[in-house]
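Asker: The chain contents come next:
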Amino acid sequence: MALHETLTDAVSLIRPGITVAIPPEYCGIAMAATCELIRRGIGELHLVAVPQSGLQADMLIGAGHVKTLEAAAITMGERGPAPRFAAAIKAGAITMMDATCPAIHAALQASEKGLPFLPLRGILGSDVLAHRPDWQIIDNPFGTKGPDSSDPIVALPAIRPDVALFHCEMADREGNLWIGRRRELATMAHASAMTVATVETIHDGNFFDDEILAAGALPAAYVDAIAHAPRGAWPLGMPGTYDADGATLDGYCLAAASQETFDAWLTDHLLHRDAA
Amino acid sequence: MSGTSRQAFLIHVLAQLLAGSRRVAVGAQSPIPGSAAFLARELQLGPERITVLGSRRNNDFTEGGRELFDRAAQGRIDAFFLGGGQIDGQANINLVGIGDYPQSKVRFPGSFGSSYLYFLIPKVILFREEHTPRTLVDKVDFISAPGLSEPGTYRPGGPAALVTGRCVFTFDRDAGRFTLKSVHPWSSLEEVREQTGFAFYEPTVVPVTPEPDERSRDLINGPVRAMIAETYPTFATGLVT
Numbered sequence: 001m002a003l004h005e006t007l008t009d010a011v012s013l014i015r016p017g018i019t020v021a022i023p024p025e026y027c028g029i030a031m032a033a034t035c036e037l038i039r040r041g042i043g044e045l046h047l048v049a050v051p052q053s054g055l056q057a058d059m060l061i062g063a064g065h066v067k068t069l070e071a072a073a074i075t076m077g078e079r080g081p082a083p084r085f086a087a088a089i090k091a092g093a094i095t096m097m098d099a100t101c102p103a104i105h106a107a108l109q110a111s112e113k114g115l116p117f118l119p120l121r122g123i124l125g126s127d128v129l130a131h132r133p134d135w136q137i138i139d140n141p142f143g144t145k146g147p148d149s150s151d152p153i154v155a156l157p158a159i160r161p162d163v164a165l166f167h168c169e170m171a172d173r174e175g176n177l178w179i180g181r182r183r184e185l186a187t188m189a190h191a192s193a194m195t196v197a198t199v200e201t202i203h204d205g206n207f208f209d210d211e212i213l214a215a216g217a218l219p220a221a222y223v224d225a226i227a228h229a230p231r232g233a234w235p236l237g238m239p240g241t242y243d244a245d246g247a248t249l250d251g252y253c254l255a256a257a258s259q260e261t262f263d264a265w266l267t268d269h270l271l272h273r274d275a276a
Numbered sequence: 001m002s003g004t005s006r007q008a009f010l011i012h013v014l015a016q017l018l019a020g021s022r023r024v025a026v027g028a029q030s031p032i033p034g035s036a037a038f039l040a041r042e043l044q045l046g047p048e049r050i051t052v053l054g055s056r057r058n059n060d061f062t063e064g065g066r067e068l069f070d071r072a073a074q075g076r077i078d079a080f081f082l083g084g085g086q087i088d089g090q091a092n093i094n095l096v097g098i099g100d101y102p103q104s105k106v107r108f109p110g111s112f113g114s115s116y117l118y119f120l121i122p123k124v125i126l127f128r129e130e131h132t133p134r135t136l137v138d139k140v141d142f143i144s145a146p147g148l149s150e151p152g153t154y155r156p157g158g159p160a161a162l163v164t165g166r167c168v169f170t171f172d173r174d175a176g177r178f179t180l181k182s183v184h185p186w187s188s189l190e191e192v193r194e195q196t197g198f199a200f201y202e203p204t205v206v207p208v209t210p211e212p213d214e215r216s217r218d219l220i221n222g223p224v225r226a227m228i229a230e231t232y233p234t235f236a237t238g239l240v241t
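Residue numbers (the working numbering), protein chains in the order written: chain C, 1 to 276; chain P, 1 to 241.
It is worth saying that the hints were derived from the structure and are not from the lab. Wrong hints could be hidden among the right ones.
[Unchecked claim] Computed cross-link-like contacts, BS3-like style, restricted to lysine-lysine with a CA-CA straight-line distance of at most 25 Å:
#1 P:Lys-123 - P:Lys-181
#2 C:Lys-90 - P:Lys-139
#3 P:Lys-181 - C:Lys-90
#4 P:Lys-105 - P:Lys-139
#5 C:Lys-145 - C:Lys-113
#6 P:Lys-139 - P:Lys-123
#7 C:Lys-67 - P:Lys-105
One chain only, chain P, in its complex shape (with noise of 0.2 Å):
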């Protein structure tokens, strides 16, 4: 790579993936998520209304926390970020905890509000930066939210894409699986084999996740770091290009 420091080349993944998309939500902890939100919007590639959780000047929610959910509900939000302690190869995520529940070995905060979200909005994106058997499993130990329903379900949304630290794929909600698309620069087809916990479908030929152009750079350089420090300070201070 051409000096594109990690997180820049992850936002610039995750600005991509929201290509077409243009009410996006951001919710906790999620500065790359956020930081993509705010690229996609200055390249143009289809967010306009951007809702922060956390921030002031980009959450403009006056009904309470609940609203973000009144409106995933109303299909007033196109794409939103999801992460997990475990993510499996049918897209279940699992933010509760290791070990047989409820007595968990090693405990996550919850489940949050993905066991609704995960239902509601057309493009979830699950982002999980750790690539490893320990964190994309063969069946997660707890669902908070299921990757697939039943026929008869009322599922207007789910999963679209997994981003890791290592590579790119993207769901097939009708087959049930991810499928490669691309593997990041500093990793391989072999490492990203031997570091998935699940099966998953592989191209004949498996692409390069493209790097951020100088343009990219730039923006996020400027004013999209600009725009996340206000959520997250240290995150902004820290965020090399």
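Bound-form chain C, shown alone (with noise of 0.2 Å):
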């Protein structure tokens, strides 16, 4: 297993075309990686938000790097609507597969547990449903027999991204990540065929020496590349750890109003990056 790597070597894994699971803005968005993805030009992405994103979603769409985006929702939180998405939408640039945070995490967990679908509750008689024709109504096979005892449920197919992506607290020597209680990047790593994680530390030593750290660890098994990114999550923050750059934020969302402002941003930004 190829770990920690430097960041050009662990985004390699994501190519053209390929289904990348990231995670809300809450738990640890992979910026450094991202941005690095739209240096080398990735296109064509099958994004999947789980359940939500907003920045990462909306910078990718801007930068013409997402066919497919599947998500309950993409927003800019307290500043507002996410420009590029709304922008793509209104132009038909993408496809989108508009979902139910529940639904992507079943989804996912099926997943997770190798199985071809889960079921949920809700959803029925929505226009979300209406527009998932990959979603489907079963009867519950468990429920009382009888006439007019119908239990309909809806069967959601299993979601398996070929790359889960994102930044997280710690890595240790041996490969392990340390992700607290942000149990839904396990979730993520479980259900993708590949892991790929930066981090703000190296931890020396292994988690599972250790019974306290070892509850927010997940395995090596699950991961395929590490790269050391402090700050990776800039401008967004790091829960615990730092807060979000609120005034690049701000820039971000006055300038990805439009296409063109959006560019130069986008370069400015790249440019940035490189100094720090």
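Starting from two chains that each stand alone, build the complex the way the hints lay out.
Answerer: Spelled out as structure tokens, the structure:
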């Protein structure tokens, strides 16, 4: 297993056209790696937001690297709507697979268990379901029998991403990651064929030597590449470690209002990262 | 009104609606509902366990984001708040966009967990401050989550009330219709009629929504502000009572 690589080598596992799972902003977003992907000119990605995204998805869409997007929401949070996402929807530039948060979680859990699908309550009668021909309504096979006793339930096919991409707090020398209680990162890694992670720090030792650290660990068995990227979530924050860079995010929201100003912002941003 | 701010007023209104609900969850970008949950707890109206998404201290999920949904499906959450870019007279909510799907001319973030939680949490309170024919419509352009379901659908949950910047409606799930419950002191029945895009029942006498008393205002000013500040610092600083 190739561990502790450079950012460039780590993201080389992500090739055009593959399915990439990304976490929500409260978990740890691999922004340094995302910029590296944009530099490489990766394209035609099928992005799965688990279950929602913000800056990361909006930037990848603005840079023209997203073909299909599956998400329960894309938002810049308190800063309002995600501008390049909204523009791409209006222009019909991306294929949108609108979902609802628990459906994405459940479809990844199906994959985690090696199951073809999982059923989920709710959703019936919504336009979310109406626009998802890949979701099916089945009758609960364990329901009460008899006339007029059907119990419709939505069956969701497993989502099997090619790569899970995220940023987390620590990696140890053996290639284990420490994710703490951000368990959606574990679900993403379990469900995906490969995991690429960037980390804030390298822990000198093995998490499994310490029961307290072991409880928040994601085993190396699921991890394919790790790059050390301090402040790798910037300009987003790392919960509990550093806050989001509000000024940069404000600047993004202004710039992303049009494609031209977005392009200029992106060029500057990538240069700034090189210099940092 | 005797000098109560609109925010404090709405916090108080939403808090009253949480009466009798022991376990309350508050979703993303919801500073007013979050404050209402804390106020209801301080007033001992019912809420004991409050989960605020985006909080560290008031979020005890250790299984990732899915735990909210798993708890809801098991009946471990009694009340929740939802909003909507559009809400219609049958309590359908639209969090996706305006115009024909998928190429919405105005795109909202997306349905989040609404398509699911609306079915499973017994008391869902709809909150949308903007009360205009643009937000309260006859028929939503996209149903993120339906207000009503076919008979035979597993649905322990659903809409209980709708609070706006002008009034409070309650929702009757059997009738499939909103009833005007009270009008805020700065608005009027005429204004509510004019600004609502759907039909609703009107009581013969329309009460004025009660405003927070001094104790509630003190609580909002003190412990509630302190608790919501952890998740919404800007909101907490700007909160006027």
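Asker: Please name the hints from earlier in the document that this structure breaks, with their numbers sorted from lowest to highest.
Answerer: 3 and 5
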